[in-house]
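Add chain B to chain C, keeping to what the hints say.
Here are the chains, one letter per residue:
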Amino acid sequence: GESVGLHLPTLSVQEGDNSIINCAYSNSASDYFIWYKQESGKGPQFIIDIRSNMDKRQGQRVTVLLNKTVKHLSLQIAATQPGDSAVYFCAEIPPRRALIFGKGTTLSVSS
Amino acid sequence: GAVVSQHPSWVICKSGTSVKIECRSLDFQATTMFWYRQFPKQSLMLMATSNEGSKATYEQGVEKDKFLINHASLTLSTLTVTSAHPEDSSFYICSASDRTASFGEKLFFGSGTQLSVL
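One line per chain: the protein sequences are C and B, in this order. Going by the numbering used here, the first residue of the first sequence is number 5, and it counts up by one from there. Going by the numbering used here, the first residue of the second sequence is number 25, and it counts up by one from there.
What the hints contain is simulated information worked out from the structure, not anything from laboratory work. Only a predicted model underlies this, so the values are computations on that prediction, with no experimental measurement involved. For each residue, glycine too, the CB sits at the ideal point set by N, CA and C. Keep in mind that a hint or two might mislead.
If you anchor each label on the Cβ, the simulated ranges turn out as follows [to be verified]: (1) 109(B) / 44(C): 36 to 46 Å; (2) 115(C) / 140(B): 29 to 39 Å; (3) 107(B) / 19(C): 23 to 33 Å; (4) 41(B) / 45(C): 16 to 26 Å; (5) 14(C) / 34(B): 34 to 44 Å; (6) 63(C) / 142(B): 35 to 45 Å.
The list that follows gives simulated cross-link-like pairs (lysine-lysine, DSBU-like), each with its CA atoms no further than 30 Å apart [stated by the list, open to error]: (7) 90(B) / 38(B); (8) 75(C) / 79(B); (9) 72(C) / 107(C); (10) 44(B) / 41(C); (11) 65(B) / 90(B); (12) 41(C) / 65(B); (13) 72(C) / 79(B); (14) 60(C) / 46(C); (15) 46(C) / 90(B); (16) 88(B) / 38(B); (17) 107(C) / 44(B); (18) 46(C) / 79(B); (19) 79(B) / 107(C); (20) 38(B) / 75(C); (21) 46(C) / 88(B); (22) 79(B) / 60(C); (23) 46(C) / 107(C); (24) 41(C) / 75(C).
One chain only, chain C, in its complex shape (with noise of 0.2 Å):
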């Protein structure tokens, strides 16, 4: 079936340093996608989301880009602190599906 995969399960940074969190999804029809974050027994938190017709796109601290040729997604986190040390998922929309999640990256950052 379809899934949205990611690259690394574990990433372990220093406090202070840039995380890069890759994702390759799977349905080139798919035209929404969203990057959340999960602390442990928690729901997903909504990070960052962008429209296949775009490439990039920046919030606080954070950046996404998207690469349809190869369907890849990625999250930039800078500046990385010990807060952000969580579970990530990427997530895409197929049309007229529901939200489909990647197996998610765990991040871990050191002080």
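Only chain B this time, still in chain C's reference frame:
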């Protein structure tokens, strides 16, 4: 921002009993709500799409008679796990779509319900 309230946050029940989980959109009307299930260290898997006033649409492999979904109003959807068994133990999460936004934009998630069946 929009808030989705999910209750209870955790529940422990005996095998064979039924458990109801509520999902409420507090400050917006949600024509569509989604129910997800998440096992430890795994991703969220969509169980069903709940549409206000109509039957839910279940994903392949999800038992309709076991996971009863009701979406009787624009602000409330319920998931009832009937005759729960230990293998139903999981983290259940709902999300709601703001009807005033374009489909898919800014889906809001509840805080999840941890179900433990003894």
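Verification of the supplied hints:
1. At roughly 25 Å, the beta-carbon separation of residue 109(B) and residue 44(C) lies outside the given 36 to 46 Å, and the hint is violated.
2. Between residue 115(C) and residue 140(B) the C-beta distance comes to about 34 Å, which sits within the given range of 29 to 39 Å.
3. Checking the proposed 23 to 33 Å range against residue 107(B) and residue 19(C) shows it is violated: the Cβ atoms sit about 48 Å from each other.
4. For residue 41(B) and residue 45(C), the hinted distance range of 16 to 26 Å is satisfied, since their beta carbons lie about 23 Å from each other.
5. The hint said 34 to 44 Å for the Cβ distance between residue 14(C) and residue 34(B), and at roughly 26 Å that hint is violated.
6. The hinted range of 35 to 45 Å is satisfied by residue 63(C) and residue 142(B), whose Cβ atoms lie roughly 43 Å apart.
7. A C-alpha spacing of about 16 Å is found between residue 90(B) and residue 38(B), which places the hinted pair at or below 30 Å, so the restraint holds.
8. With a CA separation close to 34 Å, the supplied pair residue 75(C) and residue 79(B) exceeds the 30 Å bound.
9. Straight-line distance between C-alpha atoms of residue 72(C) and residue 107(C) comes to about 20 Å, which keeps the hinted pair within the 30 Å bound.
10. Using a Cα cut-off of 30 Å, the hinted pair residue 44(B) and residue 41(C) holds, with the two alpha carbons roughly 26 Å apart.
11. Between residue 65(B) and residue 90(B) the CA atoms are separated by roughly 24 Å; this keeps the pair inside 30 Å, and the hint holds.
12. Between the alpha carbons of residue 41(C) and residue 65(B) the distance comes to roughly 14 Å, so the proposed pair stays at or under 30 Å and holds.
13. Our distance criterion of 30 Å between C-alpha atoms is broken by residue 72(C) and residue 79(B), whose separation comes to about 35 Å.
14. Taking the CA atoms of residue 60(C) and residue 46(C), the gap is near 28 Å; set against the 30 Å cutoff, the hint holds.
15. Annotation: proposed proximity of residue 46(C) to residue 90(B) holds, straight-line Cα distance about 24 Å (limit 30 Å).
16. For the given pair, residue 88(B) sits about 21 Å from residue 38(B) by alpha-carbon distance, which is consistent with the 30 Å threshold.
17. Between residue 107(C) and residue 44(B), the direct Cα distance comes to roughly 27 Å. Compliance with the 30 Å bound is thereby established for this hinted pair.
18. Pair hint residue 46(C) plus residue 79(B) holds up; C-alpha atoms about 28 Å apart against a cutoff of 30 Å.
19. For the hint pairing residue 79(B) with residue 107(C), the CA-to-CA distance comes to about 29 Å; that is within 30 Å, so the pair holds.
20. With a CA separation close to 45 Å, the supplied pair residue 38(B) and residue 75(C) exceeds the 30 Å bound.
21. For the hint linking residue 46(C) to residue 88(B), the alpha-carbon distance of about 26 Å falls within 30 Å, and the restraint holds.
22. This hinted pair does not check out: residue 79(B) and residue 60(C) have alpha carbons roughly 38 Å apart, beyond 30 Å.
23. For the suggested pair residue 46(C) and residue 107(C), the alpha carbons sit about 16 Å apart, so the restraint of at most 30 Å is met.
24. A C-alpha spacing of about 21 Å is found between residue 41(C) and residue 75(C), which places the hinted pair at or below 30 Å, so the restraint holds.
Of the hints listed earlier, those the structure fails to meet are numbers 1, 3, 5, 8, 13, 20, 22, in rising order.
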